[in-house]
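Visitor: Please build the complete structure, drawing on both the sequences and the hints.
Protein chains: 2
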Amino acid sequence: MVSHDDAAREARGERIAPAVSPLLTDLYQLNMMQAYLDRGMTAPAAFEFFVRKLPRQRGFLVAAGLEQVLGYLEGLRFGPAELEWLRSTRRFSDSFLAYLAGLRFDGDVDAMPEGRVFFANEPIVRITAPLPVAQLVETRILNLLHFQSLIASKAARIVLQAPGKTLVDFGLRRAHGAEAGLFAARAAFIAGFTGTATVAAAEAFGIPVFGTMAHSFIQAHDSETAAFKSFALSRPDNLVLLIDTYDTLEGARRVVALAPWLRQQGIALKGVRLDSGDLLALSRDVRRILDDGGLRDVTIFASGGIDETAVARMLEGGAPIDGFGVGTALTTSEDAPALDCAFKLQEYAGVARRKLSAGKATWPGRKQVFRQAGGEVMRGDVLTLADDAQPGERLIVGMMRGGRRLSQPEPLATIRARCAGDLARLPPGLRRLVPDTAYPVTVAPALDALAAEVDRAIASARSAP
Amino acid sequence: MVSHDDAAREARGERIAPAVSPLLTDLYQLNMMQAYLDRGMTAPAAFEFFVRKLPRQRGFLVAAGLEQVLGYLEGLRFGPAELEWLRSTRRFSDSFLAYLAGLRFDGDVDAMPEGRVFFANEPIVRITAPLPVAQLVETRILNLLHFQSLIASKAARIVLQAPGKTLVDFGLRRAHGAEAGLFAARAAFIAGFTGTATVAAAEAFGIPVFGTMAHSFIQAHDSETAAFKSFALSRPDNLVLLIDTYDTLEGARRVVALAPWLRQQGIALKGVRLDSGDLLALSRDVRRILDDGGLRDVTIFASGGIDETAVARMLEGGAPIDGFGVGTALTTSEDAPALDCAFKLQEYAGVARRKLSAGKATWPGRKQVFRQAGGEVMRGDVLTLADDAQPGERLIVGMMRGGRRLSQPEPLATIRARCAGDLARLPPGLRRLVPDTAYPVTVAPALDALAAEVDRAIASARSAP
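Residue numbers (this note's numbering), protein chains in the order written: chain A, 1 to 465; chain B, 1 to 465.
Be a bit skeptical, because a hint or two may be false.
Any copy will do: because identical chains look the same in the list, a pair fits if it lies in one copy or spans two.
Unchecked claim - Okay, derived cross-link-like pairs now, DSSO-like style, lysine-lysine, Cα gap no bigger than 30 Å in a straight line:
no.	residue 1	residue 2
1	K53	K229
2	K270	K360
3	K360	K53
4	K53	K270
Source of the hints: derived by calculation from the structure; they are not laboratory data. Since the model is a prediction, treat every value here as computed from it, not as a measurement.
Guide: Here it is as structure tokens:
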């Protein structure tokens with residue numbers, strides 16, 4: 001989308017990079033900002049991100065994307081090209097454009113650290129900033145938190161079905177654009193995936209990267225054996241051969257036949273990959289062919305149409321598969337490609353706020369979540385006000401004050417370990433493929449009382465002339 | 001993700017911009033490239049992008065994303081930071097890195113122009129380039145063509161259900177990342193949407209942009225009427241008021257009560273927006289309240305959980321709705337968030353190639369699609385070899401030769417008009433919500449003969465020692 005020349009112009013603010021521009025927002029945010037400024041409504045507002053309702057077949061969610069939110073807020077500014085373009089639309093006043101020119105994010109962020117397990121109605125991020133600023137950032141913050149939490153939650157389901165297996169993200173090609181591919185690799189790694197096939201994600205996030213060979217490589221050679229030899233000579237380390245281009249079992253026999261030649265060359269064959277057909281049945285037959293050929297240490301890696309249901313079915317069926325490449329189902333969260341999430345105004349100018357729209361009512365005020373654990377299992381959460389005290393662990397902590405981070409970005413390994421810890425403490429009913437328990441999230445009396453108070457205030461304003 | 005300082009470093013090649021880097025590919029592509037180069041396999045290869053099988057409830061697809069593919073190929077190069085990082089992984093030889101340093105895309109692109117309707121097994125893009133180059137670009141080309149074609153196809157379904165209605169993309173917040181939000185706006189506009197709410201998409205692609213107000217705006221004020229007044233004063237043009245924050249019908253009555261004041265201020269009210277509840281029933285009641293209040297010209301705009309099924313149900317039910325904002329269902333293609341697409345080697349060094357994997361067999365060779373139309377309706381397509389002649393319109397045309405475009409980028413309006421033309425010529429059975437016709441795509445004898453020939457060659461190579 002962007003050439004290196006364009007990048008130079010973007011760096012000087014002469015060209016707009018749409019994917020990282022503050023213009024990556026909804027028009028109504030800018031419309032509302034101007035109206036707020038016209039009325040002098042610049043007091044602090046608190047917005048919270050939460051998921052209203054979990055998709056079917058999700059018993060829990062995993063928080064991810066906060067690091068990108070903090071980076072976005074730190075870098076938020078309107079460059080000359082953006083201001084000029086806004087002026088050219090004739091939609092905005094000069095005083096509003098002058099305000100935008102000086103706008104920086106100088107607010108607060110409180111959040112659950114990435115990798116935490118969370119549930120419906122629990123805020124995972126709160127932004128507190130002057131109302132126009134908090135309004136502007138709504139769209140991108142939703143966009144960032146929604147996607148990575150969606151993918152981390154899907155990935156965690158796959159991880160729970162595949163204990164001890166190698167799991168690799170194969171999804172870039174069917175991810176929804178470049179950023180989706182990169183962030184899906186990050187979110188999957190947080191949830192416990194072993195690595196990714198995406199080179200740029202390995203570089204950007206330090207995620208282990210994996211890769212074998214494609215069917216085109218086999219097809220480009222005159223025979224499968226010629227292709228195997230050619231690849232083995234070029235990539236003698238961690239050699240994995242793709243054996244399903246023409247006929248999987250024939251491919252496996254060809255690998256056995258090739259083994260003496262590989263040994264002569266000093267090349268250690270690590271594994272074979274299956275990418276089509278009945279993977280359960282084929283993996284058994286391939287295992288037998290490899291074992292009978294003396295290749296007991298050669299692993300079997302499976303890909304093609306894999307999701308958590310396929311993994312569970314294969315492993316319950318005793319499939320001798322050592323690892324899975326998961327693509328489309330992971331990077332699009334195919335069975336549930338969106339979360340019913342929102343970023344809602346909960347407080348303005350010190351007064352708690354609430355939306356009552358049918359099916360979309362929200363809990364007012366700045367909130368906190370306390371988690372109770374008995375022994376090594378999570379027992380239940382309490383949703384309450386930020387200044388209330390409840391037993392258990394406080395999940396929402398300070399991340400940014402006055403636009404400055406309170407700590408360095410967390411290493412991905414730390415986030416991944418946190419997620420592994422939370423997954424290990426999940427009630428067993430929530431770890432299943434089809435969750436058969438609802439996790440108890442209760443609302444504390446303090447929050448209930450505030451909601452009733454806000455309702456009374458709304459009713460009184462309604463009956464006013 | 002990227003600050004302006006980072007952008008400056010990216011422009012000098014000192015920092016990697018992962019979303020626009022040639023590293024945005026699968027590791028196996030780089031592994032295979034090195035193996036090809038080691039064996040001197042640099043003859044021209046032809047790869048084609050096609051969809052194997054349409055998702056349920058899709059009777060046709062719409063081609064989109066070619067412009068981004070051409071831009072990607074034009075800008076393809078490895079900068080110093082990318083080469084240095086690859087070197088640091090110790091996975092690649094010095095000679096391979098030297099090859100990458102000089103790599104440019106100097107191949108050919110043939111494709112269906114964007115906006116065309118297409119069907120299963122019909123290639124929409126062919127890349128012909130030295131084998132290592134064609135292999136490298138596979139992942140990003142799939143990523144670009146898959147997503148925009150997915151969204152244009154979904155958007156076209158919505159467009160067909162809503163003739164004459166205003167349709168606006170509201171999906172950025174739940175799109176899978178920044179690029180998905182931007183490209184979804186473009187793809188939806190190609191398919192016939194009226195515009196988008198995404199400001200950066202308006203700037204980048206010249207798409208009309210729309211925006212009203214959010215619930216937070218209402219909530220930040222002491223009463224709904226105060227919020228309406230405040231917004232009207234700041235945005236007197238094209239005023240649309242959101243009326244469902246507390247109670248939709250009460251909101252509509254408040255709008256009627258406010259009308260004389262608006263007239264006094266010289267403000268023309270354009271419409272109201274409903275965003276929750278039973279939109280069919282509410283739109284009727286709101287229409288009655290507005291009409292009884294003398295506001296017959298005020299339009300009703302609906303959003304919240306809209307997809308093509310909801311649109312069809314509401315309009316069949318006689319809902320007096322003038323326009324729809326469509327978010328999640330559009331930008332995630334929620335009922336079918338991925339296409340079963342592939343980018344496959346069809347010819348190498350002048351020899352046609354074919355993959356036979358179970359359920360994934362491909363048609364070999366460089367192909368062309370001819371479309372026959374009787375009167376104003378499409379009658380059927382013929383899939384054949386590029387050098388074969390068949391009656392009808394030739395859909396695949398030259399786009400790039402030797403790395404240079406054969407023509408300027410097409411204006412979006414041209415692409416949009418092409419799509420409208422193709423949608424108008426669709427057989428009626430394919431225009432329905434649940435398509436009840438299969439479009440005839442036949443394979444010409446020339447292609448059948450080549451497939452048989454390739455199968456014989458594969459069988460003979462298999463029986464070789």
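Visitor: Would you mind marking each hint as holding or not holding in the structure?
Guide: Comparing the hints with the structure gives:
Neither within a single protomer nor between protomers do K53 and K229 lie at most 30 Å apart by alpha-carbon distance, with minima of 53 Å and 34 Å respectively. For the identical chains of this complex, K270 and K360 are inter-copy neighbours only, at 26 Å across copies versus 53 Å inside a copy, given an alpha-carbon limit of 30 Å. Proximity of K360 and K53 under a CA criterion of 30 Å is satisfied intra-copy only: 10 Å inside one chain copy versus 38 Å between copies. With identical chains, the CA atoms of K53 and K270 are never at most 30 Å apart, being 44 Å at best within one copy and 34 Å at best between copies.
The structure fails to meet hints 1, 4 from the earlier list, while all remaining hints are met.
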